[in-house]
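Novice: Residue-level listing of the chains:
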Amino acid sequence: MYSVFRGNTVVDPSPIFECGLGFYIQKAVLEEAGYVIPRTLDEYFDIIEAYLEKYPEIDGVKTSGFEILCDGWRNWALLNPAQNLMGDANDGAMFVDYQTFEPAFYQDTETAYNLYKKLNEEYRKGVISAETLTMSYDQYISKLTSGAVLGFYDQGWNFGQAVDLLKADGKFNRTFVAVPVTNEGVRDGYIEGKNPDGALPTGLNGIGITTKCKNPERLLKFYDWLLQRDVQDYICWGVEGEDWVATDTGSKAFTPERRAQWLDSARRRDETGFTVWNYSPAWQGLYKFDGAPVRSNDSAGEYLASQSEYDQSFLKGYGIEYPAEMHSEPIVRPDYFPVWAMALEDGSAAAIANTKITDVTTKYDSRLVLAEDDAAFDQIWEEFLTEFHKIDLDALKDEVSRQIAVKMGF
Amino acid sequence: MQKSNLGKRIAKSRSLYVMIIPCMIFTFIFAYYPLTGWIMAFENFRPAKGYWGSKFVGFDQFRFLFEDFEFWRAFRNTVVMSMMNLVFGFVFAIVFALLLNEIRHSAFKRITQTVSYLPHFLSWVIVCALVQSMLASDGIVNTVFSKLGIIKKPVLFLGEPSYFWWVVAFSNVWKEMGWNSIIYIAAISGIDPALYEAAELDGAGRFRRMWHVTLPGIRSTIVVLLIMNLGSILNAGFEVQYLLGSNGLLVDVSQTIDIFVLKYGMSIGNYSLATAAGMFKTVIAVALVFSANAVANRLGENSLM
Chain P
-5 MYSVFRGNTV VDPSPIFECG LGFYIQKAVL EEAGYVIPRT LDEYFDIIEA
45 YLEKYPEIDG VKTSGFEILC DGWRNWALLN PAQNLMGDAN DGAMFVDYQT
95 FEPAFYQDTE TAYNLYKKLN EEYRKGVISA ETLTMSYDQY ISKLTSGAVL
145 GFYDQGWNFG QAVDLLKADG KFNRTFVAVP VTNEGVRDGY IEGKNPDGAL
195 PTGLNGIGIT TKCKNPERLL KFYDWLLQRD VQDYICWGVE GEDWVATDTG
245 SKAFTPERRA QWLDSARRRD ETGFTVWNYS PAWQGLYKFD GAPVRSNDSA
295 GEYLASQSEY DQSFLKGYGI EYPAEMHSEP IVRPDYFPVW AMALEDGSAA
345 AIANTKITDV TTKYDSRLVL AEDDAAFDQI WEEFLTEFHK IDLDALKDEV
395 SRQIAVKMGF
Chain S
61 MQKSNLGKRI AKSRSLYVMI IPCMIFTFIF AYYPLTGWIM AFENFRPAKG
111 YWGSKFVGFD QFRFLFEDFE FWRAFRNTVV MSMMNLVFGF VFAIVFALLL
161 NEIRHSAFKR ITQTVSYLPH FLSWVIVCAL VQSMLASDGI VNTVFSKLGI
211 IKKPVLFLGE PSYFWWVVAF SNVWKEMGWN SIIYIAAISG IDPALYEAAE
261 LDGAGRFRRM WHVTLPGIRS TIVVLLIMNL GSILNAGFEV QYLLGSNGLL
311 VDVSQTIDIF VLKYGMSIGN YSLATAAGMF KTVIAVALVF SANAVANRLG
361 ENSLM
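For the protein sequence lines, the chains are P and S, in the order given. Residue 146 in the numbering used here is what sits at position 152 of the first sequence, and the numbering runs on without skipping anything. Residue 261 in the numbering used here is what sits at position 201 of the second sequence, and the numbering runs on without skipping anything.
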């Protein structure tokens, strides 16, 4: 198999507009709290509680303080937050120290203990309902769509459809923004920086050409052709004047018709070049030559033009241009990143340990959140520690270390 | 003597033998030939290396299964849930068939029967979504119970381990009762009406007739179905448990052997482990079918073999 990886040599990274994961909070809650940025779990839940007390119902629906989705493989809301509180992005089942590149488990740390303790407190206060842990993904999305959910932990792509529906209903103040919640005094590392000289191939995206292909050169020529500036511009933007216009700042923005087409996922797939772009080697970012955005997602002009009035006043409330500015500067990740994308050998001890970790944490973390009282909580925690350390943790740790060393060139 | 006899018998009904050949070929291709794959259970099978290139590891895969406490918990869950499914499935289907048989109004009877087996055609994904919204804290079950004053605050049906097996059993009953009763209704219609008339003359009421005529009339059907179903006792299903019970609160009672195999076998490419678990299930199933058959024989019932 030949592989062609995405790289970006003729482009600069585009600005980051929004943080793609973390503790989300409804914009109306932040507005009510006077545009503060919650930085710890305590601050985060304090403003949620205050809002919940004041508005027990939103549009006739019972207000829900915080949701934790844990449905099958969509389990990160329950399992992952501890690593973010410790300052990492979404690395996977392990936390990596960027100084020593030593992987470690975060599931049994003090941070994890405090996280579940806090969630348990909020459950006992009624801010979190027990039902959230039994919800299916569909129930979760319909709940978010009601506009009565104040906070949750998630990854942006996972609840995008709920936000689209809220926007379609004109409930812009009920949409969400991710806030930089971490352990006290820890620099937030939610946002992944884009590698400035990034011609580096990543293992996350790419195309494969079978070795049975009779004429791979011809295929590669096709991809070369696709990567030309005018072809990319046409795929991503369409025709100037009809589909997009230049903005004052030298950026680009869609026309309203084209934007409607873009926001409708079925029309975007069928009527625009998005699918070709998405499944082929492509540029992303800003062209070095003139600073024009490669895609609409890279375009500051389009981002600002597509903001509702509410969102504009919301950002003005904070005095920032993009929601991502609530966070610290993006961190450019080391070459190994992330742990979750590492391939573990089929049926190996590391793969088994990885599955076990998911099993054990899913089971005990749910119980911790729903513990009856402090004594029960501590008992479950002790039980969890015992079960967790029964797993062959070293098998996974050694394998992750090995792969980090390979990718970092140690 | 014997030999020429057999030859003669075959020759006599050779057209029947010819007709059975395609079935035998089918059975061989789809039931026996795949068994060669069992060799995977004793290897560290890698698809790229094939049966002959993979490393032979003896009973290692079985050791992994039997030494894992989770596997035995999955085994327990599987057996309990399929026993419950078996018992409730039988009782409800038989009682339903008996009751339906007593209805004189034929249009009503037909509509009821049709409605009752429609859920059979729904996929489990849909049924589970229905069950999930019915059992939600603002779902119909909680609403009705709290309006009736039976419960004070909503019950978390899908978060309480002790309810889960019942939820599964009744979801199964709801989905399959009508369908399972069809075969009993057919058996009942084969009972000689003269028996009912005779019973009536002897002064038997409705329930007496059900007990002494209908039930004995379908007894052999029940026994045959029971023996056949015993063979699948380790197939408690997979979808219901996976869709309703994968949350952390229920995982101890919901994980069946199939889910265990999915997680530790298929998902991480460990086909050998999946095969080993499949063999284990087959061995138990065959043992159960043979022993049930022997018991039926001993009791003087028509047995399957």
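Hints should not be assumed to be uniformly reliable.
Stated by the list, open to error - For lysine to aspartate or glutamate, the following EDC-like pairs were computed, each having C-alpha atoms within a straight-line distance of at most 16 Å:
1) K323(S) / E339(P)
2) K323(S) / D65(P)
3) K137(P) / E299(S)
4) K213(S) / E125(P)
5) K323(S) / D353(P)
6) K384(P) / D128(S)
7) K323(S) / D340(P)
8) K384(P) / E339(P)
9) K384(P) / D198(S)
10) K109(S) / D340(P)
11) K323(S) / D128(S)
12) K137(P) / E186(P)
13) K109(S) / E339(P)
14) K207(S) / E220(S)
15) K384(P) / E127(S)
16) K56(P) / D198(S)
As the list claims (entries may be wrong) - The calculated label-pair distances, taken between Cβ atoms and stated as ranges, are:
17) R223(P) / L190(S): 30 to 36 Å
18) P210(P) / A108(S): 20 to 26 Å
19) G150(P) / V185(S): 47 to 53 Å
20) A124(P) / S183(S): 27 to 33 Å
21) A370(P) / A347(S): 48 to 54 Å
22) Y131(P) / K212(S): 46 to 52 Å
23) V355(S) / Y131(P): 42 to 48 Å
24) L190(S) / S342(P): 37 to 43 Å
25) G54(P) / I211(S): 22 to 28 Å
26) G118(S) / Q222(P): 56 to 62 Å
27) I203(P) / S327(S): 56 to 62 Å
Unchecked claim - So, partial list: chain S residues that the calculated Cβ filter (under 8 Å) puts toward chain P:
28) G308
29) D312
30) N330
None of these hints come from the bench; they were simulated from the model. Backbone N, C-alpha and C define an ideal beta-carbon position, used for all residues, glycine too.
Novice: Hint by hint, say whether it matches the structure.
Specialist: A quick look at each hint next to the structure:
Taking the CA atoms of K323(S) and E339(P), the gap is near 15 Å; set against the 16 Å cutoff, the hint holds. A C-alpha spacing of about 15 Å is found between K323(S) and D65(P), which places the hinted pair at or below 16 Å, so the restraint holds. For the hint linking K137(P) to E299(S), the alpha-carbon distance of about 24 Å lies beyond 16 Å, and the restraint is violated. Simply put, K213(S) and E125(P) have alpha-carbon atoms about 13 Å apart, close enough for the 16 Å limit, and the pair holds.
For the hint pairing K323(S) with D353(P), the CA-to-CA distance comes to about 9 Å; that is within 16 Å, so the pair holds. Our distance criterion of 16 Å between C-alpha atoms is met by K384(P) and D128(S), whose separation comes to about 11 Å. About 12 Å separates the Cα atoms of K323(S) and D340(P), which keeps this hinted pair within 16 Å; it holds. Note on K384(P) and E339(P): the hinted pairing is violated, with a Cα-Cα distance of about 21 Å set against a maximum of 16 Å.
About 39 Å separates the Cα atoms of K384(P) and D198(S), which puts this hinted pair outside 16 Å; it is violated. With a C-alpha separation of about 13 Å, the suggested pair K109(S) and D340(P) falls inside the 16 Å cut-off, and the hint holds. Straight-line distance between C-alpha atoms of K323(S) and D128(S) comes to about 13 Å, which keeps the hinted pair within the 16 Å bound. Only pairs whose Cα atoms come within 16 Å are accepted, and K137(P) paired with E186(P) is rejected, the gap being roughly 29 Å.
About 14 Å separates the Cα atoms of K109(S) and E339(P), which keeps this hinted pair within 16 Å; it holds. Proximity of K207(S) to E220(S) is assessed by CA-CA distance (about 22 Å); at most 16 Å being required, the pair is judged violated. This hinted pair checks out: K384(P) and E127(S) have alpha carbons roughly 13 Å apart, not beyond 16 Å. A hinted pair counts as satisfied when its Cα atoms are at most 16 Å apart, and K56(P) with D198(S) qualifies at roughly 11 Å.
As the Cβ distance of R223(P) to L190(S) is approximately 53 Å, the hint placing it in 30 to 36 Å is violated. In this structure the hint that P210(P) and A108(S) lie 20 to 26 Å apart at CB holds, the actual value being about 22 Å. For G150(P) and V185(S), the hinted distance range of 47 to 53 Å is not satisfied, since their beta carbons lie about 26 Å from each other. Taking the beta carbon of each, A124(P) and S183(S) are about 28 Å apart, inside 27 to 33 Å as hinted.
Our hint of 48 to 54 Å for A370(P) and A347(S) is violated, since their Cβ atoms are close to 43 Å apart. Checked against the hint of 46 to 52 Å, the C-beta distance between Y131(P) and K212(S) comes to roughly 30 Å, which is inconsistent with it. Take V355(S) and Y131(P): their Cβ atoms lie about 46 Å apart, and the range 42 to 48 Å holds. Distance hint check: the CB atoms of L190(S) and S342(P) are about 40 Å apart, consistent with the given range 37 to 43 Å.
Evaluation of the 22 to 28 Å hint for G54(P) and I211(S) yields a pass: the beta carbon distance comes to about 24 Å. For G118(S) and Q222(P), the hinted distance range of 56 to 62 Å is satisfied, since their beta carbons lie about 58 Å from each other. Separation of I203(P) from S327(S) is about 28 Å and departs from the stated range, judged on CB atoms against 56 to 62 Å. Annotation: interface hint on G308(S) holds; nearest CB of chain P at approximately 3 Å, less than 8 Å.
Contact between D312(S) and chain P, as hinted, is supported at the beta carbon level, the nearest pair being about 7 Å apart and thus within 8 Å. The beta carbon of N330(S) comes within 3 Å of a beta carbon in chain P, closer than 8 Å, and the hint placing it at the interface holds.
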